[in-house]
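Asker: Below, each chain spelled out in residue letters.
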Amino acid sequence: MTPALAFDLLLIAALLWSAARALTIADVFHAVVLFIVFGLLMALAWARLSAPDIALAEAAIGAGLTGALLLDAIGHLRAKRREPEQ
Amino acid sequence: MSAALLYALAGAALFAIGLAGLLLQPHLLRKILAFNILGSGAFLILVGLGQRDGTADPVPQAMVLTGIVVAIAATALALALARQLLDLTGQMRLPEDRPDAEPVDD
Amino acid sequence: MTDFLDPLPWLIVLPLAWGTLAFLLGPGRGGRLAVAAIALQGVLALQLAGQLIDSGARVYAVGGWGASLGIDLMADGLAAVMLLLTQAVALPLAVYARGYFAAHPKGRALFWPMTGFLLAALNALFLSADLFNIYVTLELLGLAAVGLVAIAGGRQPVTAAMRYLFATLLGSSAYLLGVALIYGTYGSVSLVVLTPLIHSGAPLAVTLAAALMLLGLLLKTALFPFHFWLPPAHGGAPAPVSALLSALVIKATFYLVLRLWLELFAPLTTVAAAQLLGVLGAAAILWGSVLALTQSRLKMLVAYSTVAQVGYLFLLFPLATLVPPDAADSAVQGGVMQAVAHGLAKAAMFATAGSMIVATGRDDIGHLGGIDTRLPLTLFSFGLAGVTLMGLPPSGGFSAKWLLLSAALETGQWWWVVVMIVGGLLTAAYVFKVLRRAFLPVAEGDHVARVPRTLEFSAFALALAAILLGLFGAPLLDLLAIGRAA
Amino acid sequence: MKVWLTALIALLCSGLALALGAAMLALPEFVVRLPGQVTANLVDSGVAHPVTAVLLNFRGYDTLLEVAVLLLALLGVFALSHHASGHAHPSAPAHPVLQTLAQLLAPLMVLVAGYLLWVGAHAPGGAFQAGAVLAAAGVLLGLAGLLPAWAQPGVLLRGGLALGLLVFLAVAVAGLPQGELLHYPPALAGALILLVEAGLTLSIGLTLAGLYLASAGWRQ
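Chains as they are written, first to last, in my numbering: chain A, 1 to 86; chain B, 87 to 192; chain C, 193 to 678; chain D, 679 to 898.
Hints in this document: simulated from the structure, not taken from any laboratory. Hints may contain errors.
[Said to hold, decoys possible] Over the 12 Å line for every Cβ pair with chain D, so calculated as not near, a few chain A residues:
1) Asp8
2) Leu10
3) Ala13
4) Ile36
5) Ala51
6) Asp53
[Claimed, not checked] Here are the simulated DMTMM-like pairs of lysine to aspartate or glutamate, each with C-alpha atoms no more than 25 Å apart in a straight line:
7) C/Lys625 <-> C/Asp556
8) A/Lys80 <-> B/Asp173
9) C/Lys298 <-> B/Asp173
10) D/Lys680 <-> A/Asp8
11) C/Lys298 <-> C/Asp518
[What the hints assert, rightly or not] Covered, in the sense of this in silico footprint (three residues per stretch, anywhere, with C-beta under 8 Å from a C-beta of chain C), are these stretches of chain B:
12) 107-118
13) 133-139
14) 154-164
15) 169-181
These numbers were taken from a predicted model, which means no experiment stands behind them. We treat Cβ as the ideally placed atom computed from N, Cα and C, and that holds for glycine.
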């Protein structure tokens with residue numbers, strides 16, 4: 001097995017693991033963090049597919065901005081949860 | 087087998103994982119994550135299969151760039167709807183998916 | 193053709209431009225601009241139809257590149273019919289919406305820009321000859337439709353919009369996966385290039401792609417059992433939005449199913465798959481009609497009626513697949529006629545329902561008493577639309593069902609005739625349920641207000657068009673034949 | 679009931695993955711090959727980077743519609759945040775450190791965006807990546823309270839959001855007398871594409887920032 005193939009297989013395993021965990025882990029905050037990790041791994045995958053444009057866009061938009069939107073929504077969710085207790 | 091085809095196969099698995107998540111997870115945020123994973127799978131298949139002969143193909147790459155922008159647009163709209171639903175119902179799930187007595191979880 | 197005033201590109205550019213300008217003008221503005229621009233789009237669609245009648249189907253290479261490198265647009269008879277339907281429904285509805293939002297301002301702020309983008313998406317979709325470009329138009333259409341459902345806010349519409357969004361996104365993702373498989377197999381997404389390449393021995397990837405794309409589109413068309421998202425979305429949106437969605441948006445994905453089935457994937461179609469589509473259509477007719485009968489809210493009744501009427505569209509597949517060409521032609525004509533007739537009639541029905549709700553101040557069939565004296569034209573229009581949905585002569589619905597019926601008899605598939613007759617009786621039942629209530633006197637404590645005249649006349653124009661279609665539908669069928677391979 | 683439904687869906691999804699995998703391993707040779715065509719026509723496209731050539735020229739029509747999708751999503755977010763405005767409180771004044779940081783970083787990010795826009799003509803980069811960086815700057819400024827309110831965008835902000843699409847439409851239509859929609863004369867293609875990309879960068883940046891700020895704006 002060449003180092004390149006080993007890297008590809010490792011990356012794919014990490015992609016599948018982070019995707020599956022993001023959808024099954026109990027806490028939604030952890031799920032979003034895993035999803036951001038997934039987005040960064042996708043950026044790596046695009047670089048491996050000789051697609052630097054997509055890698056840039058995926059890191060900035062797919063992981064960055066989507067991540068920010070999701071984290072903000074979680075902030076909203078938690079603020080809402082605390083409300084009735086006050 | 088080319089590396090590109092390998093990523094296309096990974097894309098197939100991601101599409102299936104995302105599909106299962108979209109259909110099975112009741113929490114709206116998780117459905118949104120699942121939709122994004124599903125989309126990433128389709129994008130990997132588009133570029134991976136398009137480059138299965140080993141040559142970089144700018145056409146599917148440009149399509150995926152378009153697709154990523156469409157995906158964030160859809161995600162933002164979905165999150166805005168989910169928040170609005172949370173404000174209106176106190177829940178981040180679609181009403182019929184929710185047994186009435188079930189306690190809130192996140 | 194490189195004329196500056198060529199109608200084909202302007203049919204896409206114009207709605208995009210006025211949608212953006214309406215946004216620039218500010219919240220609630222742009223109604224007058226929209227009406228003028230849609231009227232112009234109607235002229236363009238007629239002009240394009242005239243070109244096709246004179247010189248046959250057209251292919252238009254955007255940017256001058258041509259397939260497979262560039263994107264081709266294609267205008268044939270089927271596309272022209274759908275374009276005419278779109279502008280013909282949109283113009284009266286734009287007039288209606290101006291009056292409706294003046295009386296009922298909730299949701300007015302962003303209606304016009306979203307409607308501009310919705311119409312641009314429809315026109316672009318009907319004209320596209322590129323599988324990936326169609327994906328982009330589908331997303332534009334889906335997000336515009338979901339946004340429009342949610343514009344008035346409120347618990348029920350927002351829930352409906354959320355469900356609709358997931359359904360439409362899942363549908364377009366399945367479609368996109370199919371496109372990826374097709375590109376991965378052949379290296380092109382152009383319909384012009386691909387159509388001669390696909391034959392009955394196509395690789396597994398292509399069969400899988402066909403299944404995924406069709407399933408995704410069926411979900412977006414809300415064919416039984418994928419109809420779960422439709423009634424709350426169409427029943428909960430503001431009336432002009434419900435009308436646009438029921439009349440046009442689901443027809444767009446039906447159009448794609450039809451085009452893919454008859455052209456790109458024709459070598460892969462089987463009698464079993466066609467019968468399955470017919471069975472789902474029949475189930476939709478029966479299930480949708482029965483549920484329409486049990487509704488107590490007027491707009492939910494009309495929405496379930498859409499579930500049922502979508503079923504008729506799918507009866508064309510068993511009648512047009514692997515049968516003699518005469519029967520197939522008749523079935524396709526019937527299906528397209530049904531799409532047009534239902535588009536006009538359902539737009540009229542949602543518009544009249546909206547007027548009745550504005551007049552009575554509530555969405556409840558039990559409180560329609562007095563409509564007959566206060567809104568006689570509206571009630572008459574509702575009745576005319578009902579005549580079309582039932583398929584009674586001389587309406588467009590009658591022509592549609594007659595064509596489907598003759599195809600069924602010609603191919604010996606009498607069971608579809610039974611479904612159509614039962615469906616017609618059930619339709620009559622739910623239409624009369626509304627009419628009967630409307631002829632009762634005003635109930636104690638109820639108040640029926642008058643509505644702006646534009647609401648009444650625009651709905652009447654739509655209902656009348658659905659009837660006239662039956663009398664003067666022949667030129668439309670001639671147009672439909674242009675570019676259809678024999 | 680619930681358990682067997684879950685099992686059924688899981689089974690169907692695995693089946694789909696397996697079918698997709700089997701189909702991918704049995705693909706024939708390509709019939710059409712586009713990378714060669716892209717290279718062959720690159721000279722006439724006005725840019726030297728193939729992906730930008732596809733995105734703005736060969737398949738520029740997709741991009742035109744996609745920009746509309748993005749603006750439309752923001753309209754949807756506006757529509758929803760509009761109804762929520764009853765809940766919204768004026769946000770607390772931002773931390774002074776954040777304000778200073780934003781004032782320092784934002785011009786730098788605008789420079790980076792400008793560089794990405796320019797470099798896109800011959801290397802990876804372009805309007806979308808530049809727009810994303812601009813959006814990051816916008817989010818930063820917005821969080822620091824240095825941008826006008828998003829919930830009710832004024833005419834200037836609406837103009838900035840619509841500019842990219844309007845410029846793109848104008849350039850698309852300008853090609854009609856000489857050819858088809860979105861036809862660029864080869865001599866002018868480079869300049870026209872840069873013009874379109876500049877408008878897109880600004881509008882995409884504002885729109886992406888708006889997707890975040892318009893919804894974050896009504897958090898309590």
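Asker: Now tell me if each hint is right for this structure.
Answerer: Tested hints:
1. Asp8: holds, 16 Å
2. Leu10: Holds, since 19 Å exceeds 12 Å.
3. Ala13: Per Cβ check, A/Ala13 is outside 12 Å of chain D; nearest 15 Å; holds.
4. Ile36: A/Ile36 is indeed farther than 12 Å from all Cβ atoms of chain D, at 15 Å.
5. Ala51: Nearest chain D Cβ is 8 Å from A/Ala51, so the label is violated.
6. Asp53: The claim breaks: A/Asp53 does not keep its Cβ more than 12 Å from every Cβ of chain D (closest is about 5 Å).
7. C/Lys625 <-> C/Asp556: It holds: about 12 Å lies between the C-alpha atoms, which stays within 25 Å.
8. A/Lys80 <-> B/Asp173: Cα-Cα ~8 Å, so holds.
9. C/Lys298 <-> B/Asp173: holds, 19 Å
10. D/Lys680 <-> A/Asp8: Distance ~37 Å between D/Lys680 and A/Asp8 Cα, so the pair is violated.
11. C/Lys298 <-> C/Asp518: violated, 50 Å
12. 107-118: Since 3 is at least three, the answer is holds.
13. 133-139: holds (count 4)
14. 154-164: holds (count 5)
15. 169-181: holds (count 6)
In summary, the structure is inconsistent with hints 5, 6, 10 and 11 from the numbered list given earlier, while agreeing with the others.
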